[in-house]
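**Student:** Sequence:
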Amino acid sequence: MSELKQRITADMKLAMKAKDKARLKAIRMILGAIKQREVDERIELDDVQVLSVVQKMVKQRKDSISQFKEASRTDLVDIEEAELVVIKHYMPEQLSDAEVSVAIDKAIADTGASSMQDMGKLMGLLKSQLDGKADMGVVSGLIRSKFS
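The numbers in my numbering rise by one with no breaks, and the one at position 120 of the sequence shown is 120.
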């Protein structure tokens, strides 16, 4: 069992003992998504794969929050934001914009990228380096600003 999955399971037990229903619900959702992927692919997920499941859940929550805000459903926005806080707890520490910018500059130097046409190569290289540590949408925006 992966270390991250063990941590999530231990946190579920703590939430049960503390009778923290909101946190428990979010943790059970995370474990459910992990279990679903394990069953679908007939494998036991390692930390990288568990992290990808958690990242997907963060993205889903952010999308839901934006749609609920558009529909003026503050009750649902509050629920999704509470879940997002719990889910983000299992993400690695996010890099600052300055650190991301340094990584982009290094990738540009390594690949010799000079225009927007090289963005695919850059994103491919940066995704492997920054996956889980930075929002790839932000990375894409920073690359665009460097080439414009």
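Hints are computed from structural coordinates only; laboratory data are not their basis.
Treat the hints with caution; some may be incorrect.
[What the hints assert, rightly or not] Listed below are the simulated BS3-like cross-link pairs for lysine-lysine, each with C-alpha atoms no more than 27 Å apart in a straight line:
{"hint": "1", "residue 1": "K133", "residue 2": "K146"}
{"hint": "2", "residue 1": "K17", "residue 2": "K69"}
{"hint": "3", "residue 1": "K19", "residue 2": "K35"}
{"hint": "4", "residue 1": "K121", "residue 2": "K21"}
{"hint": "5", "residue 1": "K21", "residue 2": "K69"}
{"hint": "6", "residue 1": "K19", "residue 2": "K106"}
{"hint": "7", "residue 1": "K35", "residue 2": "K56"}
{"hint": "8", "residue 1": "K59", "residue 2": "K13"}
{"hint": "9", "residue 1": "K88", "residue 2": "K69"}
{"hint": "10", "residue 1": "K69", "residue 2": "K35"}
{"hint": "11", "residue 1": "K88", "residue 2": "K127"}
{"hint": "12", "residue 1": "K25", "residue 2": "K56"}
{"hint": "13", "residue 1": "K127", "residue 2": "K21"}
{"hint": "14", "residue 1": "K106", "residue 2": "K69"}
{"hint": "15", "residue 1": "K69", "residue 2": "K13"}
{"hint": "16", "residue 1": "K69", "residue 2": "K59"}
{"hint": "17", "residue 1": "K127", "residue 2": "K25"}
{"hint": "18", "residue 1": "K133", "residue 2": "K106"}
{"hint": "19", "residue 1": "K146", "residue 2": "K127"}
{"hint": "20", "residue 1": "K17", "residue 2": "K106"}
{"hint": "21", "residue 1": "K146", "residue 2": "K69"}
{"hint": "22", "residue 1": "K25", "residue 2": "K88"}
{"hint": "23", "residue 1": "K127", "residue 2": "K106"}
{"hint": "24", "residue 1": "K62", "residue 2": "K21"}
{"hint": "25", "residue 1": "K17", "residue 2": "K88"}
{"hint": "26", "residue 1": "K133", "residue 2": "K25"}
{"hint": "27", "residue 1": "K146", "residue 2": "K121"}
{"hint": "28", "residue 1": "K59", "residue 2": "K25"}
{"hint": "29", "residue 1": "K88", "residue 2": "K56"}
{"hint": "30", "residue 1": "K133", "residue 2": "K62"}
{"hint": "31", "residue 1": "K88", "residue 2": "K133"}
{"hint": "32", "residue 1": "K59", "residue 2": "K88"}
{"hint": "33", "residue 1": "K17", "residue 2": "K127"}
{"hint": "34", "residue 1": "K146", "residue 2": "K106"}
{"hint": "35", "residue 1": "K13", "residue 2": "K25"}
{"hint": "36", "residue 1": "K13", "residue 2": "K88"}
{"hint": "37", "residue 1": "K133", "residue 2": "K59"}
{"hint": "38", "residue 1": "K35", "residue 2": "K21"}
{"hint": "39", "residue 1": "K121", "residue 2": "K106"}
{"hint": "40", "residue 1": "K59", "residue 2": "K35"}
**Student:** Taking the hints in turn, state whether each one holds.
**Tutor:** Cross-check of the supplied hints:
no.	hint	verdict
1	K133 <-> K146	holds (20 Å)
2	K17 <-> K69	violated (33 Å)
3	K19 <-> K35	holds (23 Å)
4	K121 <-> K21	violated (45 Å)
5	K21 <-> K69	holds (24 Å)
6	K19 <-> K106	violated (48 Å)
7	K35 <-> K56	holds (14 Å)
8	K59 <-> K13	holds (25 Å)
9	K88 <-> K69	holds (20 Å)
10	K69 <-> K35	violated (30 Å)
11	K88 <-> K127	holds (19 Å)
12	K25 <-> K56	holds (17 Å)
13	K127 <-> K21	violated (35 Å)
14	K106 <-> K69	violated (38 Å)
15	K69 <-> K13	violated (33 Å)
16	K69 <-> K59	holds (15 Å)
17	K127 <-> K25	violated (31 Å)
18	K133 <-> K106	holds (16 Å)
19	K146 <-> K127	holds (17 Å)
20	K17 <-> K106	violated (47 Å)
21	K146 <-> K69	violated (32 Å)
22	K25 <-> K88	holds (14 Å)
23	K127 <-> K106	holds (13 Å)
24	K62 <-> K21	holds (21 Å)
25	K17 <-> K88	holds (21 Å)
26	K133 <-> K25	holds (25 Å)
27	K146 <-> K121	holds (15 Å)
28	K59 <-> K25	holds (18 Å)
29	K88 <-> K56	holds (11 Å)
30	K133 <-> K62	holds (17 Å)
31	K88 <-> K133	holds (12 Å)
32	K59 <-> K88	holds (10 Å)
33	K17 <-> K127	violated (39 Å)
34	K146 <-> K106	holds (13 Å)
35	K13 <-> K25	holds (12 Å)
36	K13 <-> K88	holds (18 Å)
37	K133 <-> K59	holds (14 Å)
38	K35 <-> K21	holds (20 Å)
39	K121 <-> K106	holds (13 Å)
40	K59 <-> K35	holds (19 Å)
The earlier numbered hints that this structure contradicts are 2, 4, 6, 10, 13, 14, 15, 17, 20, 21 and 33.
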